[in-house]
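Participant: Listed below are the residues making up each chain.
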Amino acid sequence: MLESIASNTKEVSNQIATEEIVARRNDPSLLLVNVMPKEAFEEGHIPRSINLPLAQIETKARQVFPEIGRELVIYCGGPT
Amino acid sequence: MGLLEQMGYKNIRYYIGGMADWVEMGGPVEKMDLPVAHALPRQFIRAETSKVWSWSRWLEVLANWPLDRLVFFWLGMILVFGFVYWGAGIVMGWGLQAGNVAVKPDFEGLLTAIYFSFVTALSIGYGDVIPVGPLRILAIVEGATGLLIFGCLVSKLVSRRQEELTEEIHRTTFDDRLDRVRTNLHLVFSDLGAVLQLQAEQDVLPGQVLRRLESTVRVFRGELQTIHDLLYRNQVLPDEEALESLLANLAICLQGVIDLQSSQLNGQQRSMPLDASLHAISNLANEICGECVPRTYAPAMKQWMDQIQELARKIA
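For the record, the sequence lines run as chains R and E. Residue 53 in our numbering sits at position 53 of the first sequence, with consecutive numbering throughout. Residue 149 in our numbering sits at position 149 of the second sequence, with consecutive numbering throughout.
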């Protein structure tokens, strides 16, 4: 599912490891973005993450995180 | 370049493993509470529940018991009370009286006590046997409790039939809905085919056909939403066969839309509402794939879903 926002997962070089997310769990400068649909998000997500369904990225991203340089971590249900 | 990069965001990283890896590594998972519970201050909620617990909670517990357990509890309670009436007569000397004569502490007396217990619990109260002294309080307590439990029993009996009916209704409406989705998808498919046919014959489609196409695509969007909801929400699931036929129909319709797009449908002929519907269809179908839906399905099902996602990406 991530493929549609990152052009091709296999070539994605800017990945983040689980350890780093855990280590920086209290760091407000790191913004976790869950791109699953709202229902799936409600069922369970990494604490402190915000929900921006894939389908709404184009329209809502600017409102949700207006800052261009903001440090974002994008994730969804699993490795797809 | 990914979509967000295209929008100008510079500092993006991807957590490829997603929720699956996160859970596997033992990371904490947060669930969304009901918005109402969120809005209320904590202490308020706690105070509310503890107050309810104090007196009516046990009644609720009682009401949730299965039928046979309730019956046994009720009978047991009556027997225990009967023994207490009888025992009180022996130990303390003030027991039951039948016609101004104290009930004897023998086996016949025990039967009389149990009989009295039944008469009291059912709130019949013939009055041929009467309690004396403090036993009267006990008799009132038994009468009240007996009534409550008996009420629970009766309402259980009545509502059980009701529940069966409601479930039946739910199932039929659900099946009806699925049938409707399937029929509509079939109609969408034949409509798309007809438009394709027309397009092959003449270069420019008449406005009437175009409007029909718009409405067809809108219906398709609605049904796609239904299937999407079906996969994402926690509700009754159709059996695999029905789901597979739905997914297959969906894939065929998507293919139809793609065929239509790849043929003559050029800019001049595409209208705003049509574009909007197509966009929504692409977005919705893009969220249907074997790995991104919350439940796990059979491999065949996953294949269909993956195919649908693949098709969705071809809709521009």
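Quick caveat, the hints were computed from the structure, so don't treat them as lab data. Incorrect hints may appear among the rest.
[To be verified] Listed next, the stretches of chain E that the computed footprint assigns to chain R, with coverage defined by at least 3 CB atoms under 8 Å from CB atoms of chain R:
| # | segment |
| --- | --- |
| 1 | 10-17 |
| 2 | 282-292 |
[Stated by the list, open to error] Simulated crosslink set (DSS-like; lysine-lysine; CA at most 27 Å straight-line):
| # | chain 1 | residue 1 | chain 2 | residue 2 |
| --- | --- | --- | --- | --- |
| 3 | R | LYS38 | E | LYS10 |
| 4 | R | LYS60 | E | LYS156 |
| 5 | E | LYS104 | R | LYS60 |
| 6 | E | LYS302 | E | LYS314 |
[To be verified] Computed list of chain E residues with no C-beta within reach of chain R, every gap over 12 Å:
| # | residue |
| --- | --- |
| 7 | PRO28 |
| 8 | MET92 |
| 9 | GLU164 |
| 10 | ARG218 |
Ideal placement from N, C-alpha and C gives every residue a C-beta, glycine not left out.
Participant: Hint by hint, note whether the structure agrees.
Facilitator: Hints, one by one, checked against the model:
no.	hint	verdict
1	10-17	holds (count 8)
2	282-292	holds (count 7)
3	R:LYS38 x E:LYS10	25 Å, holds
4	R:LYS60 x E:LYS156	50 Å, violated
5	E:LYS104 x R:LYS60	85 Å, violated
6	E:LYS302 x E:LYS314	19 Å, holds
7	PRO28	6 Å, violated
8	MET92	62 Å, holds
9	GLU164	29 Å, holds
10	ARG218	17 Å, holds
Of the numbered hints listed earlier, those contradicted by the structure are 4, 5, 7.
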